[in-house]
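In the order they appear, the protein sequences are chains H and X. Taking this note's numbering, the leading residue of the first sequence gets 56, the next gets one more, and so forth. Taking this note's numbering, the leading residue of the second sequence gets 56, the next gets one more, and so forth.
These are computed hints drawn from the structure, not numbers from a lab. Just so you know, not all the hints are guaranteed correct.
Identical copies look the same in the list; a pair holds intra-copy or inter-copy alike.
As the list claims (entries may be wrong) - Think about it this way: if two alpha-carbon atoms lie no more than 20 Å apart in a straight line, the pair counts; the simulated SDA-like pairs of lysine to any residue are:
#1 Lys328 x Arg390
#2 Lys396 x Asp184
#3 Lys396 x Tyr183
#4 Lys462 x Thr278
#5 Lys213 x Asp144
#6 Lys462 x Arg209
#7 Lys328 x Thr278
#8 Lys322 x Ala486
#9 Lys462 x Thr218
#10 Lys322 x Tyr123
#11 Lys158 x Gln411
Since the model is a prediction, treat every value here as computed from it, not as a measurement.
Chain by chain, the residues run as shown.
Number of protein chains: 2
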Amino acid sequence: MFSQSKTPAPAEENSASPSMSRRGLLTYGGAAAAGAAAGAAVTVLITQNAGGDAAPAASASSESVPFYGAQQAGIVTAAQDRLHMAAFDVTATNRDDLISLLKDWTAASEAMSAGREAGDTGAVNGPYDAPPEDTGEALGLSASRLTITFGFGRTLFKNDAGTRFGLDSRLPEGLIDLPHFPGDALEDNRSGGDIVIQACSDDPQVAVHVIRNLARIAFGRATIRWSQLGFGRTSSTSREQQTPRNLFGFKDGTANVKAQDDELLDKHVWVPKSSSAGEDWLTGGSYMVVRRIRMHIEIWDRTSLGEQETLIGRTKGSGAPLSGGEEFSEPDFARAGRDNKPLIATDSHVRLAHAQSNSGVKMLRRGYNFTDGSDSLGRLDAGLFFIAFVTDPRSHYVPMQMAMAQKDRLAVEYLRHTGSGVFAIPPGIQAGGFVGEGLFS
Amino acid sequence: MFSQSKTPAPAEENSASPSMSRRGLLTYGGAAAAGAAAGAAVTVLITQNAGGDAAPAASASSESVPFYGAQQAGIVTAAQDRLHMAAFDVTATNRDDLISLLKDWTAASEAMSAGREAGDTGAVNGPYDAPPEDTGEALGLSASRLTITFGFGRTLFKNDAGTRFGLDSRLPEGLIDLPHFPGDALEDNRSGGDIVIQACSDDPQVAVHVIRNLARIAFGRATIRWSQLGFGRTSSTSREQQTPRNLFGFKDGTANVKAQDDELLDKHVWVPKSSSAGEDWLTGGSYMVVRRIRMHIEIWDRTSLGEQETLIGRTKGSGAPLSGGEEFSEPDFARAGRDNKPLIATDSHVRLAHAQSNSGVKMLRRGYNFTDGSDSLGRLDAGLFFIAFVTDPRSHYVPMQMAMAQKDRLAVEYLRHTGSGVFAIPPGIQAGGFVGEGLFS
């Protein structure tokens with residue numbers, strides 16, 4: 056993860072271009088070359104180290120993912136291992152300041168996604184008498200498949216005081232306030248926000264570096280409302296990834312929409328062209344629903360294996376549905392056992408979450424496990440930070456969550472939702488543009 | 056990190072021995088073979104995947120580190136990338152229950168260190184009507200260089216009510232209550248504890264899995280008092296590791312004692328044979344000092360590069376001392392610049408932390424960066440979770456910290472200590488024994 060060069064870099068004397076990669080900058084006499092991997096929208100950094108021997112740094116986690124594209128990165132990108140997400144309250148009061156914030160964030164995000172410092176006068180080559188434009192803790196680390204994804208909350212468009220930034224006519228209909236669900240225990244300081252930024256990377260220090268620098272850049276214009284770290288992605292978003300496990304110890308996300316499923320993505324994830332001109336800016340974007348779901352893991356851990364599998368509806372080992380087969384077998388909800396009861400219980404998680412129970416809707420889930428230390432009772436403050444991208448939260452999240460909160464015995468007995476947010480995810484950014492540009496045209 | 060096998064494992068039908076590795080257990084038709092890497096006390100797992108093609112999983116992070124040895128693992132072990140540490144309050148009141156807890160923890164720790172489940176009847180092969188002896192979220196993950204290190208706090212030996220477990224005659228003199236240092240803002244629920252467990256791994260889910268399962272095993276006998284996650288080790292403990300960066304963006308731990316420095320380890324880290332028979336159990340062990348150090352990073356980030364470097368006493372890019380040279384050059388504290396002032400300021404961090412300012416003492420630092428979300432003012436709750444192993448906190452920590460808390464401008468202006476602990480680290484465990492066994496003989 057760290058550069059292998061043994062010779063420390065006299066970076067101050069380095070005449071490298073400011074746009075050079077962090078890795079290249081710190082490698083004594085190093086030269087960085089960027090080339091697109093054949094057939095994949097991925098840039099691979101090749102580093103030549105001090106000894107002169109070519110050291111291809113092209114492990115999976117040293118790759119960089121392009122920031123520009125038709126969609127924002129970090130949605131169908133194969134899920135990385137670590138998350139730092141932050142929601143901001145915008146404190147700027149006029150439209151120009153908001154636009155300049157979004158422009159500054161766009162420039163810094165593009166640079167960091169490519170493995171460069173957040174600004175041209177970064178931690179090692181800036182003027183001596185000014186704060187560096189990069190905080191430095193990611194120097195020497197690769198981009199580690201970093202993606203940075205922006206979303207807009209309902210309160211950016213209007214709040215109790217009325218319209219904000221002249222944007223209320225651009226508020227998309229799907230950007231709703233979620234209803235109260237049974238069992239919700241939402242904390243205000245873990246919910247909402249005008250703008251959300253999702254930073255995902257295979258290296259947590261790279262993801263934390265992003266949120267920190269974007270918060271630094273926002274000084275005087277926006278402040279962090281809440282932030283959340285996550286590890287151990289809980290859903291695979293690519294057929295090439297194995298299904299990971301959540302903190303209940305079960306495989307999670309087996310039935311997820313995958314990056315390879317173009318048709319499903321169009322139907323369930325991307326926002327189609329709207330009949331309302333005010334919503335045009337969101338065409339080709341998506342909605343992100345986030346829920347911080349605390350798990351009562353101490354109680355769960357004292358539950359029998361049989362009870363755990365009954366609640367989930369799948370086996371713990373392979374993840375196969377209790378109706379038989381293997382992980383990717385379709386659950387057979389009608390199949391009954393010896394006592395004539397269905398093998399997959401009517402109040403099981405897999406049944407209630409399945410598209411078949413939800414008018415055929417699917418979502419692209421991209422959540423992470425979290426552990427935020429322990430609470431005053433010595434219980435781990437741990438669970439699932441649920442992230443889903445959907446074409447419309449009204450059809451693709453609310454009905455399913457209402458059913459689960461009422462009927463799913465797993466949700467009722469072992470889960471508590473402590474944070475929540477819904478954000479409109481604008482489509483991708485083109486070079487020269489900035490995130491959310493369509494909102495202001 | 057996840058097994059690459061595409062074919063899900065029908066693990067329930069698997070007749071594998073319960074002592075088989077998690078990875079082997081979940082690989083369909085897989086066979087796990089363990090062999091010692093030549094010349095290193097490291098076990099490498101080789102996995103054959105479903106397709107029959109040999110897939111050597113022997114990346115650095117898939118290795119396992121032996122739990123048994125002359126010293127506990129996790130001290131001179133090359134620092135892993137992730138930390139989960141927890142301090143426990145023992146609620147058991149008699150000596151036998153404490154001993155059985157330590158025995159149970161030892162058995163589970165040995166198993167998890169080898170990449171196996173925490174108990175024989177784990178998440179996938181246990182009886183259907185009993186809670187599994189492993190919580191399952193690390194199934195399919197390798198050991199990822201996991202180490203588990205145990206330490207005992209002063210309150211295990213005696214507290215305000217008097218002796219505990221008949222251990223007060225075994226309280227080592229070095230296991231002190233730290234004095235109050237200027238600027239301390241210690242929180243009770245982040246400090247102290249009867250027993251500490253440090254789990255380090257290259258995979259956070261593996262480290263979290265350890266603390267969770269040891270807490271589960273402790274049910275009714277000990278509860279978590281505090282826990283802390285860390286990422287991005289801030290000190291290298293091996294000459295083969297590059298010096299990483301802390302959240303000030305500077306290289307940290309350049310002058311650290313390394314695993315290769317046998318003589319320094321004997322002098323500064325390991326506890327020598329004591330003249331007091333009551334302390335014999337600690338011979339060859341160490342002391343661990345932990346401090347949760349919150350950094351005022353938002354203020355730091357608005358400080359000029361020059362001021363940052365002056366406060367630290369090193370350049371931000373290469374980490375070279377301001378007196379010249381490169382990272383590993385010895386600082387020349389006498390060398391003055393044009394204005395006749397020393398190039399390395401008298402109140403700089405590198406000068407006050409240097410052995411030369413501290414009667415020649417050194418420590419083995421093994422800390423981690425942390426970010427625990429954000430506070431109510433939108434500031435990242437981030438900093439350094441300081442961990443040091445020393446031969447005696449009275450000589451090797453207190454004087455240095457007192458000097459830094461009083462004179463080090465970096466510490467005074469940018470740091471706040473919010474958590475603290477001192478623990479006696481018993482020597483290593485042999486097969487058949489249990490951690491801290493010497494305390495009870």
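Q) Which numbered hints turn out to be false for this structure? A) Result: hints 1, 4, 6, 7, 8, 9, 10 and 11 break, sorted rising.
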